[in-house]
Amino acid sequence: MFGDRPPSSMAAARSLLIVAAVLVGIFIYAWAFDITDISLEKPQDPERRSQLSRALRELFSPNIFEQDTDSEMVSVNFMATNNCPEDVDIEQPARDENGPYIVLSEECGFSDDVLVIEGFNFEFHPRNSGIIRWRLPNNTIPITRFELDSDGHFRQEITIPRLGRVSGDDPHQIEAESFIPTGGIRFTNTSKTVFEKMVETIFLALMATTLALPIAFALSFLAAHNLMRQLTMPLGPVLVGFIFFPIGWWVGATLLAMVGQFGADSWETTDDWDTVQALLSILFGAGVVGAFAGLRMLRNMVEGMDPQDLKSLTRKDGQNNSSDIIPAIFKASLRIASGIVALVFVMLVVGIIGGLAVWLGSEVQGLLFFNDLGNMVATLGELVELIIKIIGGLLGAFYLASMTSTLSAPLFKLTRDATIVEHTLGAILSATVTGMILYGLAEFSHQAALLILLVPLAAAFIGSQISPMIYKLIFPGDKYVKAQGARKWTLIALSLVGAIIIFVIVFVAMNAARGVVDGRRPLTEEVDVLSAGIKVYSYRALLIGLGLGAIMGGLSGVNSSFPFGLVVYNTTRTILNTMRSIEPLIMGIVFVIWVGIGPFAGMLALALHSIASLGKLYSEQVENIDQGPIEAVLATGANRLQMIVYAVVPQIVPPYIAFTMYRWDINVRMSTIIGFVGGGGIGFLLSQQINQLRYQEAGVAVLAIAIVVTVLDYTSAYIREKMI
Amino acid sequence: MLKIENLSKVYPNGFQALYDVSFEVPDGQFLVIIGLSGSGKSTLLRCINRLIEPSEGRVIWNGIDITRANDEELRLIRRKIGMVFQQFNLVKRSNVITNVLSGRLGYVNPAWSFFNYFSPADRAKALEKLQRVGIKEKAFNRADALSGGQQQRVGIARALMQEPELMLADEPVASLDPATSHSVMDYLQALNKEDGITVLCSLHFLSLARTYADRIIALKDGRMEFDGDPHEIDEKRFKDIYGEDAKEVHIS
Ligand SMILES: Nc1ncnc2c1ncn2[C@@H]1O[C@H](COP(=O)(O)OP(=O)(O)O)[C@@H](O)[C@H]1O
Ligand SMILES: [Mg+2]
Numbered sequence: 001m002f003g004d005r006p007p008s009s010m011a012a013a014r015s016l017l018i019v020a021a022v023l024v025g026i027f028i029y030a031w032a033f034d035i036t037d038i039s040l041e042k043p044q045d046p047e048r049r050s051q052l053s054r055a056l057r058e059l060f061s062p063n064i065f066e067q068d069t070d071s072e073m074v075s076v077n078f079m080a081t082n083n084c085p086e087d088v089d090i091e092q093p094a095r096d097e098n099g100p101y102i103v104l105s106e107e108c109g110f111s112d113d114v115l116v117i118e119g120f121n122f123e124f125h126p127r128n129s130g131i132i133r134w135r136l137p138n139n140t141i142p143i144t145r146f147e148l149d150s151d152g153h154f155r156q157e158i159t160i161p162r163l164g165r166v167s168g169d170d171p172h173q174i175e176a177e178s179f180i181p182t183g184g185i186r187f188t189n190t191s192k193t194v195f196e197k198m199v200e201t202i203f204l205a206l207m208a209t210t211l212a213l214p215i216a217f218a219l220s221f222l223a224a225h226n227l228m229r230q231l232t233m234p235l236g237p238v239l240v241g242f243i244f245f246p247i248g249w250w251v252g253a254t255l256l257a258m259v260g261q262f263g264a265d266s267w268e269t270t271d272d273w274d275t276v277q278a279l280l281s282i283l284f285g286a287g288v289v290g291a292f293a294g295l296r297m298l299r300n301m302v303e304g305m306d307p308q309d310l311k312s313l314t315r316k317d318g319q320n321n322s323s324d325i326i327p328a329i330f331k332a333s334l335r336i337a338s339g340i341v342a343l344v345f346v347m348l349v350v351g352i353i354g355g356l357a358v359w360l361g362s363e364v365q366g367l368l369f370f371n372d373l374g375n376m377v378a379t380l381g382e383l384v385e386l387i388i389k390i391i392g393g394l395l396g397a398f399y400l401a402s403m404t405s406t407l408s409a410p411l412f413k414l415t416r417d418a419t420i421v422e423h424t425l426g427a428i429l430s431a432t433v434t435g436m437i438l439y440g441l442a443e444f445s446h447q448a449a450l451l452i453l454l455v456p457l458a459a460a461f462i463g464s465q466i467s468p469m470i471y472k473l474i475f476p477g478d479k480y481v482k483a484q485g486a487r488k489w490t491l492i493a494l495s496l497v498g499a500i501i502i503f504v505i506v507f508v509a510m511n512a513a514r515g516v517v518d519g520r521r522p523l524t525e526e527v528d529v530l531s532a533g534i535k536v537y538s539y540r541a542l543l544i545g546l547g548l549g550a551i552m553g554g555l556s557g558v559n560s561s562f563p564f565g566l567v568v569y570n571t572t573r574t575i576l577n578t579m580r581s582i583e584p585l586i587m588g589i590v591f592v593i594w595v596g597i598g599p600f601a602g603m604l605a606l607a608l609h610s611i612a613s614l615g616k617l618y619s620e621q622v623e624n625i626d627q628g629p630i631e632a633v634l635a636t637g638a639n640r641l642q643m644i645v646y647a648v649v650p651q652i653v654p655p656y657i658a659f660t661m662y663r664w665d666i667n668v669r670m671s672t673i674i675g676f677v678g679g680g681g682i683g684f685l686l687s688q689q690i691n692q693l694r695y696q697e698a699g700v701a702v703l704a705i706a707i708v709v710t711v712l713d714y715t716s717a718y719i720r721e722k723m724i
Numbered sequence: 001m002l003k004i005e006n007l008s009k010v011y012p013n014g015f016q017a018l019y020d021v022s023f024e025v026p027d028g029q030f031l032v033i034i035g036l037s038g039s040g041k042s043t044l045l046r047c048i049n050r051l052i053e054p055s056e057g058r059v060i061w062n063g064i065d066i067t068r069a070n071d072e073e074l075r076l077i078r079r080k081i082g083m084v085f086q087q088f089n090l091v092k093r094s095n096v097i098t099n100v101l102s103g104r105l106g107y108v109n110p111a112w113s114f115f116n117y118f119s120p121a122d123r124a125k126a127l128e129k130l131q132r133v134g135i136k137e138k139a140f141n142r143a144d145a146l147s148g149g150q151q152q153r154v155g156i157a158r159a160l161m162q163e164p165e166l167m168l169a170d171e172p173v174a175s176l177d178p179a180t181s182h183s184v185m186d187y188l189q190a191l192n193k194e195d196g197i198t199v200l201c202s203l204h205f206l207s208l209a210r211t212y213a214d215r216i217i218a219l220k221d222g223r224m225e226f227d228g229d230p231h232e233i234d235e236k237r238f239k240d241i242y243g244e245d246a247k248e249v250h251i252s
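Residue numbers (our numbering), protein chains in the order written: chain A, 1 to 724; chain B, 1 to 252.
Only chain A is shown next, with the shape it has when bound in the complex:
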């Protein structure tokens, strides 16, 4: 058959294509060659070469050690003139025949003449060193170094330095000073500083890794496709949860934070112990615990936690039983009550722990050995108190969101057979949520000009979801089957088109060119809506959100499945990837602006970068685990968290340890250079030394870095090998 081999014209076309590709490649490399400024002249320039060899020589002559020296100094007079008399006779200092002395070949001469200096009777030491200086009436010029032979003798030829115009008759002196080491060898100050900075560097890396570890650990599950993929929820409850999230935040940040503050304040008084307040807080805590236990018991009784009792399920044979509704409401309210009590308890404990830490820390701070410990405890306590509002807000928000969405779920299911209600509800709820989101983004985008793109981008995302939905409405496919082939590509194309159209419309409507082209922030002009002032810009975003949301929610309805897990997965992944793409050095610059020059800034920069990169590495490990145990544990009736603890965590411990070691290793390397931007550690010292051309000292730092990195490299490789 002919079809097996391409016809010769096609073969020719293919080789032509290859030739063209090679030619293009060559041009690209030529261009790159030019751009990167590759030259053969600069490396050959003798001046640069001598600079290089000086720098390298000093780098490789690090002044690690020093030793006290004794010196012997002798000098002779010299007549500096360009017309020397026949018979030079100048007075020389008295010579001690047992002590050191030097002899000149000439006692008179001038610039550029060559003389020989010989020294005798110097005290010898294998590590002696000496220097010859030319002493003029008003300054001293070092000429050369010398070294004694084992007889305490040296012979050195020197060229008389340029002396300029000689004034006066005072003789010049040539002096030779010989140094011999005495006493113990010790580290130079440079070495000591390098050591201190190296410790700082290692600890900086340690803190950054430690700080990143738990956060990356938690994030890694959210960024693992295999765990998140299965997590879907009906749209209705998700939307309800979203609407209540900010309300929960507000309530938590005010009320729950107050409880936390109360707990923290109970330790406030250090001088005179405020018994009443402490007692009050203990009583309050006890009350809360009691209430919690009571509610819990009541709930267990009502819900019939007896494992045998499957009959307590509300739905039998798919029928809803109306007599179940009253107990259901009762159960739900019990559940809400015990949840709230639990939250109050948690906040109280958090507050008390924070307050206790501050108090304890400040008590301990004065004590000799515990000073650092006290400082740390107090700072951590202060941190807790500082973020008590955030903790309260988060707890409140997540609690209210999950509670409302759980409670609303059965109600939405009731609408399953009433299509109109289902879709109208969807439209209303989704309009509210997208309105909230776009309004929030619009408000935020007043911060900087380019953020003006946030609203159009978000709207475009919604647009990309809407157009395939419309298509599916007109051409419904098999609902269990993922789109494939032509249908899949049509849907992708449609969602691109939808995104672009909506983006352009919203871009124009929001006058986003103001930010992108002119670099100005959105207008802050306000309009009156329902007798409340609202920024025109945000108002428009709100309207767009309401409109797009209504379409999206109306099309899908409250019972459609919302890929909650995938949304979380994609969001986490995007954040991690963005964070990872920002180099720690750049983060370092930002943190130096925020918290000032020093190791704290470097630590924060490295921690942030480590979160991103560990999060990614960890989550890939989660994705690679054996799925079998997950299936098995879920089949026993375990919940998702239990599944993670029993089926996922045991499988990922060894690679997590390995990657953490690896990251610490990387962090030590990085922290050696994060100092270049002011991030503390040895890099800061090194950059100073290099800038001031103190290469010998820089040599010490470089050597220290090399040693530490190598040692760590081997240790971490060893531990990793043992772990896996």
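Calculated from the structure, these hints are not laboratory results. Be a bit skeptical, because a hint or two may be false.
[Claimed, not checked] Heads up, incomplete: computed chain B residues facing chain A, CB under 7 Å, no partners named:
1. N49
2. R78
3. M83
4. V91
5. R93
6. S94
7. S102
8. G103
9. F114
The beta-carbon is built from N, C-alpha and C at its ideal position, and this holds for glycine as well.
Dock chain B with the ligands against the given chain A, drawing on the hints supplied.
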């Protein structure tokens, strides 16, 4: 009683693995599902405890519609349905007792279980279940240090921790040698006969099925091909189920 009604499964890639499968399993029966590899046995078993979401049809167990249960209800239902797997699905790095205890997760307070705390009663129960499957002395070994047959017995002990009323076994002996296969099947039979646990077990060897089954269901390309007594399967039925070229092999 377990009632499967018009169960169908279409995978997201469009492949239909089950076509309108319906049957009833009375309590206490040892039901064996046979069929070639790829005939839909695993899909069917996983649709029952909804490890796989069925596309159409209902699974009703003791009057409860499993297919319509919400997450919370599903967990309560799953607690009473044990499952063992062809690949054992143990956490290899954890020790045997932890694997067995994980069968109890549906019952315990989640907060405690995060710290790997189980009540002394549960621990005693785990040892008792291990004793029952004859490997109590391996309780504190790592799971991957056990032989295949022993691992499957750990899998059975884990399922027993749930105090199940129904046991799903997905080719429990397919990765084991013949002798071990019989011992594992004997344990399953004991659960069925002594404890009255209903067993749904998929196997692909007919000879094993004949030995243990009260009743056999055969699947072929996702459809029910046969439902009846083990000895009703004659040469012709066998060829219908396994194809013209198949020959029955006997495992002794
Ligand atoms: N996740 C999946 N996606 C698509 N097809 C699948 C998936 N899982 C199984 N299948 C297909 O469904 C059919 C039945 O599979 P399975 O139930 O595992 O059969 P058995 O257990 O009898 O060997 C097989 O053809 C298999 O290829
Ligand atoms: Mg199978």
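Status of the hints after comparison with the structure:
no.	hint	verdict
1	N49	holds, 6 Å
2	R78	holds, 4 Å
3	M83	holds, 4 Å
4	V91	holds, 5 Å
5	R93	holds, 5 Å
6	S94	holds, 5 Å
7	S102	holds, 5 Å
8	G103	holds, 5 Å
9	F114	holds, 5 Å
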